[in-house]
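Peer 1: Listed here are the chains, written in short residue letters.
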Amino acid sequence: MAIDTTIFVRDRSGIAAYLDWLQALTGVGLILFMWSHMVLVASVNLGAGAMNTLARFFEETYMAQVGGPLIGITFLLHFVLAARKVPFRSDQQATIWKHGKFLHHTDTWLWLVQVSTAMIILIMGSIHMWTVLTDLPITAAKSAARVQGGFWLVFYLILLPMVELHVGIGFYRIGVKWGFIKRKQRKGMKKFENILTGIFVLIGLITIIRFLTLTI
Amino acid sequence: MGRKLKFEIFRYNPNDPKLVPHTDLFDLEETDSMTLFIALTRIREEQDPSLQFDFCCRAGICGSCAMVINGRPGLACKTLTKELPNNITLMPLPVFKLIGDLSVDTGTWFRAMNENVGSWIHTDKSFDPNAQEERMENAVAEEIYELERCVECGCCVAACGTANMREDFVGAVALNRIARFMLDPRDERTEKEYFEIIGTDEGIFGCMGLLACEDVCPKNLPLQDQLGILRRKMGWTAVKQLFNFRKTR
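Residue numbers (this note's numbering), protein chains in the order written: chain A, 1 to 216; chain B, 1001 to 1249.
So here's chain B without its partners, still in its complex pose (with noise of 0.2 Å):
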């Protein structure tokens, strides 16, 4: 016999005005290897055929079944329930735009985001399909592929106080985008252009170091490193601009 599990799940539909929201309460019995994804999937197929929540990979790799577990942030299809005590609350991400219960819109937000920040690789060339890929250092591509592993999924955002308060700020994730290009040897944008993107209040001298990101991201991503290492670059930027702006004149 496994544990009994209480669920407390999140319930509105933005949709029904008629609706307000609550939560409902589920019991389950814990089986092996029991996942969250597994225990909502159950919840949906035994008790209720009208529970809104996202999924597609189950393996942790799309980031769509992101959720606030308990409080904190994170994949429902990476949460095995035996980590968790017997009362589970499951709420839907904050900041992004509800769909209905557990189930958000991440992808205007992450649209959004990526156009903001210019998720690309900048370039003059033309592109030729003929031509061999150009080449890069391994430690380099390793490097970039380290950053390169985000999926999207909110965690990081979800999780940071000041995306909580201010909805102009963009985000570990966004600031991880531009670490990532940053690094990348095809990426013909300087320093002072990267400045212009994230050198604000809404980019990274708006992160207050709470490293929450840090510490929920489901793929382990060096959030902190990251972070400090822009807020640094950023900092000496501004630093030569002064000295810049001051020669010009």
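Chain A on its own, in the form it takes in the complex (with noise of 0.2 Å):
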């Protein structure tokens, strides 16, 4: 119940603020992260000898896995602090979609896009890592084999969207709440964003393509 009041309680911890921090360098980190992914995994169109030995070096230096369950752990970091800003309640939510309906506003969809990939992401991204990892060691044929078993066909082609959406609008959201990107920037940096999804979008469906032909 609110009340009205002349006395303000303050919160001294600085608690919102760390969280914030972390939200964004997770989020940072994870944006990085998932461009390096995908010109790695896209590294097989070059051919599936240069994909396995990406994929070598990887494990050979523990990065896959040591690194892997660390991005696994930043994932689902990431997933709780920023659901701290999500709507859960259903009064809320049924607050933000009415207003994102009537305002027309673009930046306010973009962070309901982002809402409803995160969501996506997170059952269908540890789906993912956990096959990958438990799976070890990556390597084209393994991954050819999953793809054209039709089901992971599908699966991927729901998920590069996903990710890429989250990706690129994570970016901007992130320049823009920090403070990187200014009024006048703007306009150029969401062109710039929705060009990079796109390129991303393009090159994840080509290594997907890449995979369906490649012989086993």
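Hints in this document: simulated from the structure, not taken from any laboratory. Be a bit skeptical, because a hint or two may be false.
Claimed, not checked - DSS-like cross-link-like pairs, simulated, lysine-lysine; straight-line CA separation at most 27 Å:
1) K190/A to K1219/B
2) K190/A to K85/A
3) K1006/B to K101/A
4) K191/A to K85/A
5) K1078/B to K98/A
6) K184/A to K1078/B
7) K187/A to K1233/B
8) K98/A to K1097/B
9) K101/A to K187/A
10) K190/A to K98/A
11) K187/A to K1078/B
Given two chains presented individually in distinct reference frames, assemble the corresponding complex, making use of the accompanying hints.
Peer 2: What follows is the structure in structure tokens.
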């Protein structure tokens, strides 16, 4: 219940600031990881050998065995941190949904897209990580077999745009929230973000097609 | 002959328990340079004298006539009907207490907000009415003035997704006020003191950066830039506090 009052109790702990820092930093970390991940997986387009060599390098240096679970933890931590702002209560959901519909405002929708993609990525991303990390080493042949099975083809065709949208919008929104993108640069950066998202989706699609056509 | 405009206007009087919130339709012929304020005045004079809406200056200075125009908060006196389609829907600002129809009580909210953030110059210096006013650099004065242009219309609050979902969020207007006092050399508050006011989830860290405030502000205040600056400043203050805390232990 809201009570009109002139006494304001302050939270001096700074906890909100630390959580916001962590949310942004885990976000930046995951964006960089996702972009690198796409480049590494796309190496299959240069030939199965290229991807296998890269995968072997990451496993021989234990970066996959250690880094993989670390990324998993960062991924879950980022979800918990960002969920602080996500409306889980039905009245808040109704409010933001109506608000978004009436306001006709792109940036408000961008956030709503991020919230919805987040829920899908949480489930599908976890499944993907579990499947890949419990079946090391990563090889082009194994990945191709998965995609050619049919189920995983649909799975990745859904997960790919979800991740790229979330990452692209996240990149723009972190820039705006922390003042790296100024008023003058906003329009240009939004366009850049859209192009970047498009490019990564395209690379992803080409890679999926490559896996489909790879002879195992 | 001007366009035939169709107005759909929210009607409700919270003091009349028999009424239910609904919308009424009004037809009006558009005239040259017609603003929504002119249109509403004509509807009230010619069609329904019971229609409630706020206005005062008619020049985008007082901020009284803010309302939701086809889904977007804006000032009725600054909105030309020629910029709008034939069908115009008018709703009262959300978040604020409804007085009736399009009229809302922004005053109580703004009073509480200004008290909450200490929206005045905090100084220990005693005021000498005979002394000359303290001087400041022209550039600083202009920077302050840029933020001081806020008319407290409430559009930024009404357009804010966070403020709509969470009534404890202070809104862009309050953060802009703090940014204004941070610039003012006469205000003796330290960064730590500012942090205590807005370094919370009700303050700058509650802002989700949706930037509807920036996009609807009738005074075109640089809210995006100020919110970014504040988040960075308050973020660094928190980091500095963390290291100071460790030192003192």
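Peer 1: Taking the hints in turn, state whether each one holds.
Peer 2: Going through the hints against the structure:
A distance of roughly 23 Å separates the Cα atoms of K190/A and K1219/B; the hinted pair therefore holds under the 27 Å criterion. Using a Cα cut-off of 27 Å, the hinted pair K190/A and K85/A holds, with the two alpha carbons roughly 22 Å apart. At most 27 Å may separate the alpha-carbon atoms for a hinted pair to count; K1006/B and K101/A meet this at roughly 21 Å. Restraint check: the Cα-Cα separation between K191/A and K85/A comes to about 26 Å, which is no more than 27 Å; the hinted pair holds.
Among the hinted pairs, K1078/B with K98/A is consistent with the structure: their alpha-carbon atoms are about 25 Å apart, no more than 27 Å. The straight-line distance between the Cα atoms of K184/A and K1078/B is roughly 24 Å, inside the 27 Å bound, and the hint therefore holds. Our distance criterion of 27 Å between C-alpha atoms is met by K187/A and K1233/B, whose separation comes to about 24 Å. Restraint check: the Cα-Cα separation between K98/A and K1097/B comes to about 19 Å, which is no more than 27 Å; the hinted pair holds.
For the hint pairing K101/A with K187/A, the CA-to-CA distance comes to about 22 Å; that is within 27 Å, so the pair holds. Using a Cα cut-off of 27 Å, the hinted pair K190/A and K98/A holds, with the two alpha carbons roughly 24 Å apart. A hinted pair counts as satisfied when its Cα atoms are at most 27 Å apart, and K187/A with K1078/B qualifies at roughly 25 Å.
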